[in-house]
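Protein chains: 2
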Amino acid sequence: MSDYQVINAGAPEQWHDVVSPNGARGKQFVDAGLETQYVGVSLNANQPGEAAARWHSHSQLEEIYLFLAGEGQMALNDDVIDVHPGTIVRVGQGVWRAWRALPDSPGELRWLCIRGGGADLKSIGHDADFDHDRPLPWAA
Amino acid sequence: MSDYQVINAGAPEQWHDVVSPNGARGKQFVDAGLETQYVGVSLNANQPGEAAARWHSHSQLEEIYLFLAGEGQMALNDDVIDVHPGTIVRVGQGVWRAWRALPDSPGELRWLCIRGGGADLKSIGHDADFDHDRPLPWAA
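Chains as they are written, first to last, in the numbering used here: chain X, 1 to 140; chain L, 1001 to 1140.
One thing to keep in mind: the hints can contain errors.
[What the hints assert, rightly or not] Listed next, the stretches of chain L that the computed footprint assigns to chain X, with coverage defined by at least 3 CB atoms under 8 angstroms from CB atoms of chain X:
hint	segment
1	1017–1025
2	1036–1045
3	1081–1088
4	1108–1116
[As the list claims (entries may be wrong)] Which residues of chain X face chain L? A partial, calculated answer using Cβ under 8 angstroms:
hint	residue
5	Ile-7
6	Ala-32
7	Leu-34
8	Val-41
9	Pro-85
10	Arg-90
11	Val-95
12	Gly-117
13	Gly-118
14	Asp-127
[Claimed, not checked] Cβ-Cβ distance ranges computed for the label pairs, FRET-style:
hint	chain 1	residue 1	chain 2	residue 2	range
15	L	Gln-1005	X	Trp-138	18 to 26 angstroms
16	L	Asp-1133	X	Gly-33	31 to 39 angstroms
17	L	Ser-1059	X	Gln-5	18 to 26 angstroms
Just so you know, these hints were derived from the structure itself, not from any lab.
Heads up, the beta-carbon is just placed ideally off N, CA and C, and yes, glycines get one too.
Put together the whole structure using the sequences plus the hints.
Structure follows, in structure tokens:
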């Protein structure tokens, strides 16, 4: 798939204002506008204290979480790690993951989620599983 | 390739200080430290006026250029586009590309280059071509 495409997805300080088609605020799948072939990217911003609503994992996709601003945590199976600007996490298939901005983060947690899976993204389709029942590790 | 790995690649304001193994300043291939499977990422920072040393293209890889800060330009075959924080450019196979930070950029041009190609990155190997002779469009 040759040629090139350009979009403007907003500067990082605008990412939290974006509302995705499913109503979520602060998550923008830029590969929808770009119709990418192999690589997917979402731009994410969470205000202090905001957290993923649920765990998820992928059966085929590799994901790279790249943190740019703010202070937060990622849950990876039974582990919880702190994330800072510059933290990059590669998450392999089958690993359950979730995230949050720390309640006392000095600003929004801004990060990218980059994904790919050894084939056209369209041929992989939706490979995500969700666990709505597993408590998040920072739940009260 | 399951499981997860974490590295700290430095906050964006530190990216220009990184010197890559080939001596280039301001380019960090984070997938080397992470040993990613499908998705490669480099962190890039150019001071005002700094430019790519040469054009390049890829025969297999798709690349996504995601601009976070500063003002610059990308050359895409015969086109030159302006890039700003939030500009995202998908570049398909065979397209020749180069970039620069504008001489009067208000700060460093900071951006990511994300790549993938429908197979393990290791099986793709080095698919880049370079054109050392083609003048860059902003050359004096």
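Go through the numbered hints given earlier and state which of them the structure violates, listing their numbers in rising order. Per hint list: 1, 6 and 14 violated.
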